[in-house]
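Participant: Sequence:
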Amino acid sequence: MATTDTMGSSQEPPKVALLNDPKVRGLIVQLVLLAAILWLVWNMGVNAANNLAAAGIASGFGFLENTAGFGVNFSPFIDYAETSTYGTVYLVGLQNTLIVAVIGVFFATVIGFLVGVGRLSNNWIIRKISYGYVEILRNIPLLLQIFIWYKGVLAFLPGKREPMSLGIFGSIDVSAWTAPKGIPGEGFKFVIYTLIAAIVVSIFIGRWAKKRQMATGQQFPVFLTSLGLIILAPAIVFLALGSPLSWEYPEPGRFGLRGGAAIPPELIALTVALATYTASFIAEIVRAGILAINRGQTEASFALGLRSGPTLRLVIIPQALRVIIPPLTSQYLNLTKNSSLAVAIAYPDLTSVFAGTALNQTGQAVEILLMTMLTYLALSLLTSLFMNWYNSRMALVER
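Here the sequence shown stands for residues 57 to 455, where the numbers follow my numbering.
Calculated from the structure, these hints are not laboratory results.
Restraint ranges, calculated between C-beta atoms of paired labels, are given here:
#: 1; residue 1: Pro366; residue 2: Ser448; range: 22 to 30 Å
#: 2; residue 1: Trp95; residue 2: Leu430; range: 17 to 25 Å
#: 3; residue 1: Phe276; residue 2: Gly208; range: 44 to 52 Å
#: 4; residue 1: Gly365; residue 2: Leu441; range: 29 to 37 Å
#: 5; residue 1: Val97; residue 2: Arg314; range: 48 to 56 Å
#: 6; residue 1: Ile255; residue 2: Thr141; range: 29 to 37 Å
#: 7; residue 1: Ala451; residue 2: Gly273; range: 21 to 29 Å
#: 8; residue 1: Val158; residue 2: Ser302; range: 23 to 31 Å
#: 9; residue 1: Ala211; residue 2: Leu295; range: 40 to 48 Å
Quick reminder that beta carbons are idealized off the backbone N, C-alpha and C, glycines included.
Make the full structure from the sequences, and use the hints.
Facilitator: Below, the structure written as structure tokens:
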């Protein structure tokens, strides 16, 4: 704003030099840094392209349409043969990585929560067993645990000619766990549709019950109702359609078991090691989350007549989740990325078959490693987005 001196003439405020403006300086520094990064990336790309050309290796992603020429011993959902392309190899590796990650996250969460609660149990034996589990498993390197399960446990199973029977769960030997294989018949898709519809209805029932409880204070048996709906509705449709599902059980053959669904020991060893190892860290996160809740919450629940079980389930755990979820997300990300250790026992995950075998055969190191890194990045970001969404749902809402 202009000022007026004693003589009546106006004076403009002194102008600040452009480079003395903090905002301008900060913008210039960021632009210079961005230009340097872009220059570095460009030079790395040009250098890699020149080296590939000098080695006689074509750059680009056209190799994904070439025939792979090697077999993969486990691909439950994607048809694969030696005549398949490298693009199919990528999908098979991604599929196997997701199988390990999903199963591992599920069991790690269940075991971790049970052990974490056990760490705070009033029962001395349960408390000490939980303490020993955490201290032993989290202090042994994960790779060593994978080898222990693979070479120290599963390698001593009976041979192919004398498999161990698991009853209705099939048979197991040193080569694989052969489980009964379900063969869907005509009309089985309607059972799946009914199951999906039952899950959706259960979600709406849960939301309705929560609003009802907030308004009236009355509880509704959501768990039992949803469980009954999810089990009974598909079962009724299944029986009404004449049981459109048959089972193929493994049978002894000349060179081992025939039929059924073969689950390789590499998958079992890797999943068990990842789940039990990650569960030891989740247990400590759960224990810390429970201890973060004020003791007065427990005392108030007891004063209202709640027992220990309902107090933990209805009062303590819902509040502790706000502390548990953020570090729990990191453990889920670690489990997914640690699944790349599958290459040590030849489980055909993304790192093993695509960033390993496919890279060695094609020599397309830049493209394959770039695809592998971006895939793990995408999996991590999607996991983080889901957990952040769930964390926001569990946050306190002011009324």
